[in-house]
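Assemble chain V onto chain L, guided by the hints.
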Amino acid sequence: MAKKLSKVISGIPGFDEISHGGIPKGRTTLASGTSGSGKTVFSAQFLYKGITEYGENGVFVTFEETPQDIIKNTNSFGWYVGKLVKENKWAFVDASPDEADNLEAGKYDLGAFLARIEYAIKKVKAKRVAIDSVSALFTHYQDPGIIRRELYRLASRLKKLNLTCIMTAERPIEEGQISRYGVEEFVSDNVILLHNRLNERGERERTIEILKFRGSAHDSEEAPLLVDKAGVSLYPRPKPKLRGKGFSQKVSTGIEGLDELLCGGVYRNSTSLITGASGTGKTVTTLHFIMEGAKLGEKSVLIEFEESPDQLYRNASSFGWDLKQYVDKGIVQLICHYPEDFRAEQYLKVIQDLVVENKAKRVALDSLSALQRIYSEEKFREFVIGLNAFLKMHDVTSLLTNTTSQLLGVTAITETHLSTATDNIIILKYVELGGQMRRLLSVLKQRGSMHEKELMEFEVTPTKGLQILGPFEGIENLMSGSARKIQLKFGEEDAERDFIAEAAAGRI
Amino acid sequence: MAVKYVLKLYVTGQTTNSIKAIENLKDILKNGLKDLYSLKVIDILKNPQLAEEDKILATPALVRVLPPPVRKIIGDLSDKEKVLLGLDLTTE
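In order, the protein sequences belong to chains L and V.
Per my numbering: the first sequence = residues 1 to 508.
Per my numbering: the second sequence = residues 1 to 92.
Isolated chain L (complex conformation):
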């Protein structure tokens, strides 16, 4: 049986997850990417975290930027590389271009380069090496054959010294060859690709992908990579465990009449989508749900994009709920942000961290539409699916809202990916009836359970919040927006009267 390849923790958040433990130990891993894909930061972070968090000193070989530039640029991540150099924990091998050009007059090799690296390794007793980027070597020397041979020699030498190395390489374009000059063919069995693409919204999107780790398991899908003030982080998509806990126990939505329609509430760890036009009562529904949990002592996370905390507290207190008290006590974790504040991957991470830290049992997000507005379709779908998978894994009951653009009439009730990613769908709707705007609630689906299919009338009152009044009786076409009273007797032509004007289906 083959010995399992051991790995070293990379120090890059999320990478150890997708790589099932980190960078292959005692090997060289090639990180190839187009320009601006984050190669330099990635390799520098591998060294920096190695030193500061895992006590493994490192050597940084720089071909493009000078050591001074690297020190200055990584300073913006709060890293003090200069200090580590003084402490003999980080050593540079400066291979950045100088003014003097190389004139070639006869046979040569890169013996000096190898000797300098070995010298630096001994000097700081390094365990990690980062080389950024080897492609530059090919531009400095005329004979690519020599460079290939010497890089192979370097990789073998590092292996013998049991050093873990990240070697970066340039990739000319996103699709096509793995690296310029085919570096991967002779230096490494382990290849990581760093992608840098424009999405359909013209935003730059970086991802990382492990192409191969010889003799070792890893994820094969791309994980989004973000560079922020702390360096690079990966945001791998959460993986739902197939062996999920079966639906068994029901929990209350906090609205008595709705629980009845759902035959006892929603299943624990299910996701419900509340969809409706602006002002139909989605936010109050989420408040019912969160307050119900809070009263039972269940911790929750409430993500609110539509209102500020003060507005929300005021809103809640008008229904007689002291939301602020629960937020202050830490029972409800309230996130009020502009949706633009974070990228999709970061939002997912923020929510995940809060759920895990607080062992939250309920999550409500109001509304998904705010995110849909700013994310690309693909990102949005990934967000919803990722969130849903995560919540299921952590046994969290959730409620998400969705704002439909039409006030009345027929709308595509839910986007396809929303409806498949959620277990339950509840529709809130305005109906114009008898010269009045009235409100309708209906349970469209509940996965794995019976539910009442009637169209119910509801109202939102200051004292009771959302209250189900009873079914709309004797009226048809409610869902189309042009409701009319069903004719009870035939032959009474005069009695045939429209109770309803044509619904004006306009955008808000």
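It should be emphasised that the hints constitute simulated quantities derived from the structure, not laboratory data.
Keep in mind it's a predicted model, so treat the numbers as computed, not measured.
Accuracy of the hints is not assured; some may be wrong.
Stated by the list, open to error - Each computed EDC-like pair below joins lysine to aspartate or glutamate, with the alpha-carbon atoms no more than 20 Å apart: (1) L:K86 to V:E53; (2) L:K123 to V:E53; (3) V:K4 to V:D27; (4) V:K8 to L:D98; (5) L:K295 to L:D395; (6) L:K464 to L:E260.
The following block gives chain V in isolation, referenced to the frame of chain L:
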């Protein structure tokens, strides 16, 4: 007469390339250089830290420190014409 040329030759141990480079350089200097020069041969395997200063990666490497500008010639110096060109020497 003052020293006009300051040269450094970097080698890595006693390799074929190292030995050839030293021989070739001595030959060039004997025949082609009328002025006074100083030459220092540095073995990077013995003194790797000395290679940092001139950012030497490939060896053998001949560096003309003086007169400015700094010139760098790599290889076993078997292409003598190139060496002379690189050192900016004209043999009369």
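Cross-check of the supplied hints:
A distance of roughly 18 Å separates the Cα atoms of L:K86 and V:E53; the hinted pair therefore holds under the 20 Å criterion. For the hint pairing L:K123 with V:E53, the CA-to-CA distance comes to about 17 Å; that is within 20 Å, so the pair holds. Straight-line distance between C-alpha atoms of V:K4 and V:D27 comes to about 18 Å, which keeps the hinted pair within the 20 Å bound. Of the supplied pair hints, the one linking V:K8 and L:D98 holds, its CA atoms being roughly 17 Å apart against a limit of 20 Å.
Taken as a hint, the L:K295 and L:D395 pair is honoured in the structure, with Cα atoms around 19 Å apart against an allowance of 20 Å. Distance restraint check for L:K464 and L:E260: the Cα-Cα separation of roughly 17 Å lies within the 20 Å cut-off, and the hinted pair is therefore satisfied.
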